[in-house]
Amino acid sequence: MIVSNLEIIPGRRVAAHLGMVQGSTVRAKHVGKDIFASLKNIVGGELKGYTELMQEARQEAIERMTREAESVGANAILNVRFATTSITMGAAEILAYGSAVRLEQA
Amino acid sequence: MGQFLDLALFLLLLATGYVVGRVIEQRHYASIRLRERRYRDVLAFPMRFTPDSVTPQQAFLVYGTVVVSADYFKTFVAGLRNLIGGRFRAYETLLERARREAVLRLKENARAKGARLVVCVRFETTSISSGWAPAIEVLAYGTALVPLSADVRSMAPAAAASTRNHAFELSRSLPGTA
Chain X
1 MIVSNLEIIP
11 GRRVAAHLGM
21 VQGSTVRAKH
31 VGKDIFASLK
41 NIVGGELKGY
51 TELMQEARQE
61 AIERMTREAE
71 SVGANAILNV
81 RFATTSITMG
91 AAEILAYGSA
101 VRLEQA
Chain A
1 MGQFLDLALF
11 LLLLATGYVV
21 GRVIEQRHYA
31 SIRLRERRYR
41 DVLAFPMRFT
51 PDSVTPQQAF
61 LVYGTVVVSA
71 DYFKTFVAGL
81 RNLIGGRFRA
91 YETLLERARR
101 EAVLRLKENA
111 RAKGARLVVC
121 VRFETTSISS
131 GWAPAIEVLA
141 YGTALVPLSA
151 DVRSMAPAAA
161 ASTRNHAFEL
171 SRSLPGTA
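So the protein sequences, as listed, match chains X and A. In terms of the working numbering, the first sequence opens at residue 1 and continues consecutively. In terms of the working numbering, the second sequence opens at residue 1 and continues consecutively.
Calculated from the structure, these hints are not laboratory results. Mixed in with the good hints there might be a few duds.
[As the list claims (entries may be wrong)] Between beta-carbon pairs, the in silico distance windows are:
| hint | chain 1 | residue 1 | chain 2 | residue 2 | range |
| --- | --- | --- | --- | --- | --- |
| 1 | X | Glu104 | A | Arg87 | 48 to 54 Å |
| 2 | A | Arg22 | X | Gly11 | 46 to 52 Å |
| 3 | X | Ser86 | A | Val19 | 27 to 33 Å |
All of these numbers come straight from a predicted model, not from anything done at the bench. Cβ coordinates follow ideal geometry from the N, Cα and C atoms, glycine included.
With the rest of the complex left out, here is chain A (with noise of 0.2 Å):
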């Protein structure tokens, strides 16, 4: 009876895993596809020199960071993943979401520093979990630039008071980016 009972529990575990987590997860991308249009005049890049046609006024830290675990469903799979070795499918999903989530957190906070370009963006990704399933810390930093007003001028004389279309000639006179 108490064999049965402990089986019943991980089979209504492992179906609310998978049910929940499913709709979780696809609401994530939902919001993650939305907020990515939305912070699209904000670019980010990896390279670690800024670009010679802006002269920064300012330049500051700015950080996105998200904590996410797994679902029961996905560490039960991973688990048996285990045994054959290839593919984890079930985590690369929720790698992809925790650093497509970092990103935008990092833009979010670039753009209400007032800044449109982030350079130098670097990735950290830290195990910090606690007991038998896994949380993953990402955490994306880089250094915003604000550039000069008259820098926004001399790229774009008619775009001038337009943030996006800055953004837009800014990116068309950055090589490899267009």
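Pulled out of the complex, with its shape left as it was, chain X reads as follows (with noise of 0.2 Å):
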């Protein structure tokens, strides 16, 4: 599975175009990473559990992504797009979209 976010992939022509696939979660941050957090906001800095946060969350995003993608028979996933929006305090929903196609050697 080739997972891309540009259009062409030189050397590969597309065999089929199997619509747009997507994967998304919504995550909620952990009570002691949000204490800690706030702590750290009187510092200011990196926040590493919220990046790890969202960092898993994404991963999986693109493996639901994936997944869809492979029930459509497709072998890659072109012109991938990420969007984040928060949606209330402390929780996130991390999206991941991008067109399903069979690729084959030009």
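From the two separate chains plus the hints, produce the assembled complex.
Okay, here's the thing in structure tokens:
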């Protein structure tokens, strides 16, 4: 499975377009992390706990998108985009979407 | 008495934020500058198409992400700024640091997987704060390309062994990046 935000992969040809696929996840922050983060807000700098959380969430969104692409018989997802929205205090939705295609050697 | 304690706490937080925040920021900048030199051999571009000189063997998504928070002093100054308007200098440096850090992590990710070229780099910035102080997530993502070894040979016959030279030759062969 090729996952890329390019529209064209050199050396490959799109044999079939299979529509849009997406994967998303909504994550909330752990209370402990939240308390630590509010302390960290006094001195500033990176909030490592949040970075890890967002990274895990994004990975999961990509995995869900990939599974959807597999289910429609794609071997690549092109033009992948990310979107993040904070829904309420302390919860964020992470979305990954792209075009599922079947590629073949040009 | 209570009001005096409140004021003392506020001033203490302000001073802590200013002093510790400054130290953290300066250390972060030093680390960013150091790593930017170290990852200079990984090229990242925002263009949508792969350069003609590269036929990639592999193309895969890479990304770098960071969540940063402002310190108490910056938040306070920004609050004052809101009244009179103008440049939020305190937040400008915060976002610049975050964006450079995100690109560095993207490059780190690309290099760990054997790539020296990342194209179609995009940024995304989201505020994910849950309290009074802003927490900002910056994401940088792009497509890492691992060229075929034949391309490396044709571009720089003498320097095929060295990836650093490969990146250099590549940067010269691309228009507008020399």
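Hints and how they fare:
no.: 1; hint: X:Glu104 - A:Arg87: 48 to 54 Å; in the structure: holds (53 Å)
no.: 2; hint: A:Arg22 - X:Gly11: 46 to 52 Å; in the structure: holds (50 Å)
no.: 3; hint: X:Ser86 - A:Val19: 27 to 33 Å; in the structure: holds (30 Å)
When the structure is compared with the earlier hints, no violation turns up for any of them.
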